[in-house]
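> The primary structure of each chain is shown beneath.
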Amino acid sequence: MGRSLSAWFEDRLGFSAVMGFLRKKTVPLNKHTIWSYTGSAILLFFGIQVVTGIMLAFYYRPTLEEANKSVARIMTDVPLGWIIRSVHFWSASAMIVTVFIHLFSSWMIKSYRKPRELTWMTGVLLLVASLFFGFTGYLLPWDDLSLSATKVGTDIPRSIPIVGEWVTKFLRGGDDVTGDTLSRFFSFHICILPLFLLLLLAIHIYLIQKQGISIPLGVEAGKEKLKELPFWPNFVYREIIVWLVLFGVLITAAVFLPPSLGKVADLMAPAPKGIKPEWYFLFLFQTLKLFPGKIFFINGDTIAVFLIVAAVVLFFFLPFLDNKPDKMKGKVITWLAWAAIAYAVAMSIWSLLT
Amino acid sequence: MKSRLARRWSRTGMKKKIVFIFMPALIMGVFTAFAASIQQPLSEEKDKSVQTPAQQPPAKAAEVQVQPDKIVPGPKNIKERTAIYVFVGWLWAAIVVLIYITRLEIKEADRLLELKFYRNEKK
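Sequences listed follow chains A and B, in order.
Once you know that position 322 of the first sequence is 322 in the working numbering, the rest is easy, because the numbers rise by one and skip nothing.
Once you know that position 66 of the second sequence is 66 in the working numbering, the rest is easy, because the numbers rise by one and skip nothing.
Next up, chain B with everything else stripped away, as it sits in the complex (with noise of 0.2 angstroms):
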């Protein structure tokens, strides 16, 4: 048996309008991540250090030599690891809403399967 809710939605197509929120939002934040990474890097005295040795004064190219046994990734300062959590919570809460929607979906599809609704659009 189909909830208040859900049937409420199933009425109004409200369905519809939050998939068209969620799923752009999706994208978007997934397109965001895509072109924040695309984008020049951090700043230009960071692009500095990346120089070859042959490129830079003496003094620094031997700076350049210590390298760091391991570089073990991760956010850089406190608003990046707060802006990080807050995208995988908002990606999980946008899932959850989907797979909510999804399951209506579902239901709904294999009732109309139940009726036999596909076997006459097939003629």
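Chain A with its partners taken away, still in its complex shape (with noise of 0.2 angstroms):
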């Protein structure tokens, strides 16, 4: 009975196409493998997000008078709401946390290099999708820390000449931040960023599938003896491992350390002392702290957000910059990647602090 049934969906599926082709894909065997797992990681927790977002969905109202109430009320009187709120949260920073750790590795071990550009540029967007999913999340509580922070966060594309006042006014929906922004921002976060985000996945996976995943330069110098092991089964195993230790981690966190609601917004109210961001927007934010308001007759912030646009345009472009990997100039280029490192955990405790 189950083995007719199996060859009845074999007929019409042709699954063995896909176990076949699984069973043929190896991943390379050396000292870096252990960075593999975080691309798995990445879409454990986006499916976590995926989950518990449509869940939160069912009670969260995008309304200026209802959205604090319906998260409050979703964290007293949903029954474990406020855990899978928690979750949301915890698993909506481990995903950037995996994304950032995703995209530094490949930076480090150079797996960009031809002809994997295109995977790059797409976990560069991958990265830009999933700050932009934080930034849009931030707002929806509705209280006085989140809409405070979107205030600052919305108004510092303002900075860019000619088309910056035209993006603020587009993210907010006016000229300041409403209950306009929160259906916008609403819409962003569970439509257009989902959608834009599947689809950048897709390419990513499907790139990944079509090149393989890199193998280090001593290896491809010849220098190094090439160690494979088939992604089915046996890495597929060691992901299971890891898949499950994670996921054990998020869901301790979020019992243990839920996430608080502030009170509800007042669009009337002064800023409150002490607004920043999320975690993964302070070293930007301490960064343009630090220019001054002018800088000879430029603004100074004008001058910051062009540097951190500059900085992001060529993390973009890194594969056609880092054309030499193995010369001084991609010895350089890994050593421009510590201090980036080095430079976000520097400005991002300096936030913290004061």
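Heads up, a few of these hints could be off.
To be verified - Below 27 angstroms or equal to it, Euclidean Cα-Cα: the simulated DSS-like pairs (lysine-lysine) are:
no. : chain 1 : residue 1 : chain 2 : residue 2
1   : B       : Lys116    : A       : Lys210
2   : A       : Lys225    : B       : Lys107
3   : A       : Lys24     : A       : Lys225
4   : B       : Lys70     : A       : Lys151
Hints listed in this document are in silico derivations from the structure and should not be mistaken for laboratory results.
Work from the hints to combine the two standalone chains into their complex.
As structure tokens, then:
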């Protein structure tokens, strides 16, 4: 019975071709293999985000009057609602951490070498989409802190010449952060960004299947022998262990460290003292604070935003800049990666302490 | 070298049985949390507390305006607190058992790889 049922599905779906592909697929085995697990960890956290996000959407109401109340209701009245919200909160942070680790490890081991430039570029876009996910989600509880942080965040593009004003208005749905901004951010958070992220993920995963996982420079140069591990079942079993541990840590963090909810946002109230964005924007926030009001005759914020945009563009086109990874230029770019990590960590700590 | 228990499991297919017990249990646990959260809020009485001021009598509307500065979530009573701690303990126990079994599977898969078992299968 079971065999005939599987044969029925096999005739219609052709799963054996997929299994055949997975059996032939291999993962390079070397000292950098550990970083390969971060890719599947991102998928795990994204899946958890989708499930918990749908559960929260059953109760959340994106209106000025109801947003904060509905989150309060999720946390106090809905059975296990506070855990679901906490899992959503912690998996968002965990996803961004793993995306950062995944990208920086790819930078260090130079996985973006020819012909994997597009894989890197879709990865950078996935990071940007993840950060925008976090930014739009931060406003949804509609408490005083999230309102002020969104006001500051949406005000930053205003410093960009010509298009800045339009970008700020587009994000806010008007001149100021209002109920329109809330419904706009909600649409971004649950419709536009998930579709965009799924599309990018599909392209990214397709490119990985097409090009394969990159091998270290030493192996490529023939200095080391290439060792490989079959993806199915050897590597998948190892990934299951990583998933189980991450899942356990996530649930434990969600149970013991649930996020709180502040007072309902008042549009007329002055910004509270010590507004800070989420941890993943702290280094940008501190960088902006460092710039003076005016540098010569140019607005300090404009220069800061210009430098940040330039850094993001360079990061996006990194595979084309690092075209000689085994030469001195490649080594300098690896040192730049270390410098970027040190800068981001130092700035984030500085922002937390001040 | 395999332990006695591991050898016995390999022979009798115990691993698969335990995976069949624990994996649905883990999935059911998560599903129960999902099902619990999508059901209706706790009681009618609590549901009234989230009505908008316009829907309520004037005296109650004023009451609703007073909102605490911060809502710190957590278990509501000792029963819920105990249930959550038991759930976390059970979750980790299930994870440890599944990791042990997966490690045995890894050893077996690596052994088959060394024997070049998959190479014959690919052909």
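> Where does the structure disagree with the numbered hints, that is, which hint numbers, in rising order?
none
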